[in-house]
Amino acid sequence: MNESEKYAKHKYGDNSFSVTPQEIYKIIAILLLSGYNTLPNTRLYWETKVDVQNAAISSSISRDNFLRIFRNLHFSDNNSTDETDRCRKVRPLLDHMSSKFETYAQPLPSVWSLDEAMEPYYGNHHMKQFIKGKPIRFGYKFWCLNRPDGYCIRFKIYEGREDRDPSMTLGSSVTKKLVLNFVPENSEIFLDNYFNSLPLLEEMKTNKINITGTIRIDRIEKAPLRDLKKEPRGSVHGLKEKNSNISLFRWHDNSQVTLATNRTDDLVCKVTTCSRYSGIHKRKIDVLQPSLIKEYNNGMGGVDLFDQFRGRYRINIRSRKWYWPIVRFCINASITNAWLLFRLIQPRITQLAFLREIVIPLLTTSLIPRPRGVVPRRTGNVQQDVRFDRIDHWPMKNSTQRRCARCHKCVTHKCSKCNVGLHIECFVPYHLQ
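Residues in the sequence shown are numbered consecutively from 1, following the numbering used here.
Keep in mind that the hints were calculated from the coordinates and are not lab data. The reader is advised that the hints may include incorrect statements.
[Unchecked claim] Pairs of lysine-lysine, DSS-like flavour, derived with a Cα cap of 30 angstroms: (1) 49 <-> 176; (2) 177 <-> 132; (3) 222 <-> 242.
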């Protein structure tokens, strides 16, 4: 709140601007409501016409007050920020959210998934990314460390190539920063081929952290894995490096899948079966599958679930500020995490029902005692015997505009006795029966 007031004074010269915690709660409630009650224009939420009217919003906070607060929302002191920090505008918010996510995830799980998440953004900014073939192609990229159920425990926004370890790939460097000195020993982390590499597996092994994930062919360092393209579905070939205990597997499904892990338990060598449709037999048949593949499929989808939940009711109110999508990510992520925690005690509550249980109480606790929609101004009530007595009624100039009591247009004249606005041409007809 203090930073928003400073920003309003510095940016717009608005010395009278102030905001209370209750108003901030209502702003957040309206933002959340826009995710499941979408309108093409923000101002329509305060319309009085029945097709778009929203009484909960209009009775909670006025339109102009909402727009004024929303315009001045700010999260850091511009005079004391680190100019080299690309996210200095929202750094306090990012740090606060990350800290809270970690706190409410205690005790930390033993199974994790690591992947990237995208927040849509179509403006111009040096941190905006383009990923071909993704559901969200343009936007800010976040590295997320999640539980298998989708709860985001730790995240980091991608700020550019400068934040990588030059001795490792970008994905492996990100994995080190998110995992080391945070994830408990003997934990299982599942990741995809963007993050996995043999040097990463070796380093995590020394820190007693198990990593399992797909790996790119150009990162297996010429290991003699057999090409299984021409072999039947379900074919498996594996190798194990004796010194580092790193295992490589290649399995032929619809295409070849290469997996690398630093695990040393019995699951590494086990083979199970899975059901696949056979074009020859015209039915599903059982084919061989390494148990580690099944384990990987069960543990890897945490970030994808988080993306799915977060995108269902994404905030629809937009802003021109480059950092607004980052703020939107933090708000939607916090609501998603809160819902996942609440499901531990009430598994049957839906995400929409949970979201509405947050929004409705915040909006119905009104800051003002009456609806703040656009209401026509009163033109005044004049007793009939005074209006038509034809005694001492004189037109006079008024210091402010008001509505004409006869034609209801704006006027700067009034009747000296009736004290209602009247045009000169409306003056006589108004006083005649």
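Against the structure, the hints:
A threshold of 30 angstroms between alpha carbons decides the hint, and for residue 49 with residue 176 the separation of about 55 angstroms lies outside it, so the pair is violated. Our distance criterion of 30 angstroms between C-alpha atoms is met by residue 177 and residue 132, whose separation comes to about 26 angstroms. A C-alpha spacing of about 16 angstroms is found between residue 222 and residue 242, which places the hinted pair at or below 30 angstroms, so the restraint holds.
Consistency note: the structure conflicts with earlier hint 1 alone.
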